[in-house]
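There are 2 protein chains.
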Amino acid sequence: MILPYPIITAPTLFLDEKKALNNLKKMSEKAKKSHTRLVPHFKTHQSRHIGEWYKEYGVTEITVSSIYAAEYFLPQLWENIHIAFPFNPLEITKLNRLAAEQSISVQLVNAATAGLLADNLLQQVGYFIEIDAGYGRTGVEVSDFGTIEAILRTSLKTNKLKFRGFYIHAGHTYHSSPEEIQAIYHQTTSALTMLKDKYNSEFPDLVIRLGDTPSCSIQQDFAGIDEVGPGNFIFYDLTQAALGSCTKEDIAVALAAPIVDIKKHKNEILVHGGGVHLSKDVLILPNGQKSYGEVVFIHEDGWEILEEPAIVKSISQEHGVLQAPKAIIDRVHLGELIGILPVHSCMTADCMGGYMNLKGEKVDHFKGQNSFYRNL
Amino acid sequence: MILPYPIITAPTLFLDEKKALNNLKKMSEKAKKSHTRLVPHFKTHQSRHIGEWYKEYGVTEITVSSIYAAEYFLPQLWENIHIAFPFNPLEITKLNRLAAEQSISVQLVNAATAGLLADNLLQQVGYFIEIDAGYGRTGVEVSDFGTIEAILRTSLKTNKLKFRGFYIHAGHTYHSSPEEIQAIYHQTTSALTMLKDKYNSEFPDLVIRLGDTPSCSIQQDFAGIDEVGPGNFIFYDLTQAALGSCTKEDIAVALAAPIVDIKKHKNEILVHGGGVHLSKDVLILPNGQKSYGEVVFIHEDGWEILEEPAIVKSISQEHGVLQAPKAIIDRVHLGELIGILPVHSCMTADCMGGYMNLKGEKVDHFKGQNSFYRNL
Chain C
1 MILPYPIITA PTLFLDEKKA LNNLKKMSEK AKKSHTRLVP HFKTHQSRHI
51 GEWYKEYGVT EITVSSIYAA EYFLPQLWEN IHIAFPFNPL EITKLNRLAA
101 EQSISVQLVN AATAGLLADN LLQQVGYFIE IDAGYGRTGV EVSDFGTIEA
151 ILRTSLKTNK LKFRGFYIHA GHTYHSSPEE IQAIYHQTTS ALTMLKDKYN
201 SEFPDLVIRL GDTPSCSIQQ DFAGIDEVGP GNFIFYDLTQ AALGSCTKED
251 IAVALAAPIV DIKKHKNEIL VHGGGVHLSK DVLILPNGQK SYGEVVFIHE
301 DGWEILEEPA IVKSISQEHG VLQAPKAIID RVHLGELIGI LPVHSCMTAD
351 CMGGYMNLKG EKVDHFKGQN SFYRNL
Chain W
377 MILPYPIITA PTLFLDEKKA LNNLKKMSEK AKKSHTRLVP HFKTHQSRHI
427 GEWYKEYGVT EITVSSIYAA EYFLPQLWEN IHIAFPFNPL EITKLNRLAA
477 EQSISVQLVN AATAGLLADN LLQQVGYFIE IDAGYGRTGV EVSDFGTIEA
527 ILRTSLKTNK LKFRGFYIHA GHTYHSSPEE IQAIYHQTTS ALTMLKDKYN
577 SEFPDLVIRL GDTPSCSIQQ DFAGIDEVGP GNFIFYDLTQ AALGSCTKED
627 IAVALAAPIV DIKKHKNEIL VHGGGVHLSK DVLILPNGQK SYGEVVFIHE
677 DGWEILEEPA IVKSISQEHG VLQAPKAIID RVHLGELIGI LPVHSCMTAD
727 CMGGYMNLKG EKVDHFKGQN SFYRNL
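Sequence lines, in order, name chains C and W. Position 43 of the first sequence, counted from 1, bears residue number 43 in my numbering, the numbering being contiguous throughout. So the number in my numbering is just where the residue sits in the second sequence, counting from 1, plus 376.
For the record, the hints were derived by calculation from the structure and aren't laboratory data. This structure is a prediction, so every number in the text was calculated from the model and none was measured. Among the hints, a few may not be true.
To be clear about the criterion: a stretch of chain C counts as covered by chain W if any three or more of its residues have a C-beta under 8 Å from a C-beta of chain W, and this derived list gives those stretches [what the hints assert, rightly or not]:
hint	segment
1	112-120
2	186-198
3	258-264
Ideal Cβ placement from N, Cα and C applies to all residues, glycine included.
Extracted from the complex, chain C is given alone in its bound form (with noise of 0.2 Å):
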């Protein structure tokens, strides 16, 4: 409980550089032995200083959630860059603008959008067709062969939108077993392979990605999928552990915060460390109780996982509680920083906007925007 950084005195997210590197080797690694491209999602952590390590395991081409993260990376000069999210029409104008710049494709899940954007493109930008195969959320479902033709013909009035490919990103995985996440991944492989088939003889050059952490992790072999696009994987969390896709020992973000107060009657640990932080995303523990971040120390060279773990049993804006065994109560003191690893790291990365690493030096985030901590 040696404080690391005596120049911190606020909440800071700690990055175990080492520990990021090394899920991305193995991600890498994975993806190479299957002959599958690994085009990751940077949505996780949306940091300029991370996507340089891409490059060094052959990654040339990169995923984001939104135009404006789109820009963020456009300084590192990707081959392409995929906006994993469906095309928003009202940003036509700023597409056309990136996209004179920087390779770019988007995705797509209904007609009317590739109508929109066949008749108002001015630079050519790749598209993959997006397809729900059972999460629910977007895409078109995989069944729904009047709507993945409605896209591809309306394209092909126009030379300026290019077919990538299909897209699934199987989110279910999120509240699945190991067992049901190979059965969830099975299923997509289906799906896609499907499509792939289908399509093929008329568009060659077509690619199929799934995208979704849990399955990218528990799965061992990609054969016969093109492209993977997990993002998470390079900081996992709890949610991921609690899934089986990591240990806790692989979360490579940790946030630091100040112990306010100590309740020794109540085993209870104040800390300056809430929902602004953290975020309020939460996991339910196997004995039904909530849990919004669980108990590291922190140490010169990185954080120590409890034997006996403590919880952040609530959050509010600001607060974090911690509910802590004695053992860990007797070693903590006021003024000190306890580490929280995060139910969710994307979140929590978001709302930090920063990142500092083991050796103290600040790490970019796009919310940030390089200013690191608004707030330091």
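Given the coordinates of chain C, assemble chain W onto it according to the supplied hints.
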């Protein structure tokens, strides 16, 4: 469903200034009638522009929840800024620097932190003792006179710490019926009055303050309470409407979200508007359904609350899925903006980091540091 501001192409937080000003007027008049001072909490709007309005209603002192927010409001020359969060010992240097320029009060919940301040303060600061009268989040338990005495005696060792009074945030009103809120209000005021009676002879200037919006909204008379410090009332939100603190018409902010897909056969609308915009705060409806927001139609002069409500039934990082009756589905089109009333306006404002008023002007928020919409 006319687009009021063609410039808006991305999720944007609309602020209806008339509604907010009306909320402020009502709270201010109620406080004046009871001869109670309004010391509003600025954690909800976190805006200098909005902060200025309070001056016209006689407000001279304000409340914030972090030392960084106190710094943000420094240029507005308030007579005092109260930091309503248990003082974080790591911020002693920052506090000394801030208190050299601005009258500050802090919040204490244990004697150890009082001792640290007594030993290290270079400037005089005021302090409130935060009391826990049943909420269980933070504060000295109301019956714990040992801790109260220890804080008071420790502070008397220095002339730098000036006792201001007792503060209660009765956050458990957020899980209560209007009748229970009244009961909590009476319990809170009894606790504060008891403490005032006990310590008034020794500290004749001490005040008692309570802070939660549900109590301050539902209670019609603050007789006997010196100061009230609500924050959320300036905007209100769906949680407050469900509690009976306000009507949905009083809610002063709505997220404008671009429609990117419409699934008529499923009665669903997909928007760009997710957890990074609204936050993941959730409201459990009387029928047990989860709501992440309620749909409104945006017009040039504000928004229209729908007779038959439509809700945001699920959100992920960037996606919002609206479940809408046929009458609503038939009125919307791809590429339009639709409005969403937030479940928790403080968190939504913090996610967005800026507002746009109905004249199309940008309004600052601390988190966006005047830059307004970092991604626009």
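Practice problem: Mind taking a look at whether chain W covers the segment 186-198 of chain C? Criterion is 3 or more residues with CB to CB distance under 8 Å. | Solution: Answer violated; 0 residues pass the 8 Å Cβ test.
Quiz item: How about the segment 112-120 of chain C: do at least three of its residues have a C-beta closer than 8 Å to a C-beta of chain W?
Solution: Satisfied; 3 residues make the cut.
Practice problem: Please count how many residues of the segment 258-264 of chain C have a CB within 8 Å of a CB from chain W and say whether that reaches 3. | Solution: holds (count 4)
Violation of the numbered hints given earlier is confined to hint 2; every other hint is satisfied by the structure.
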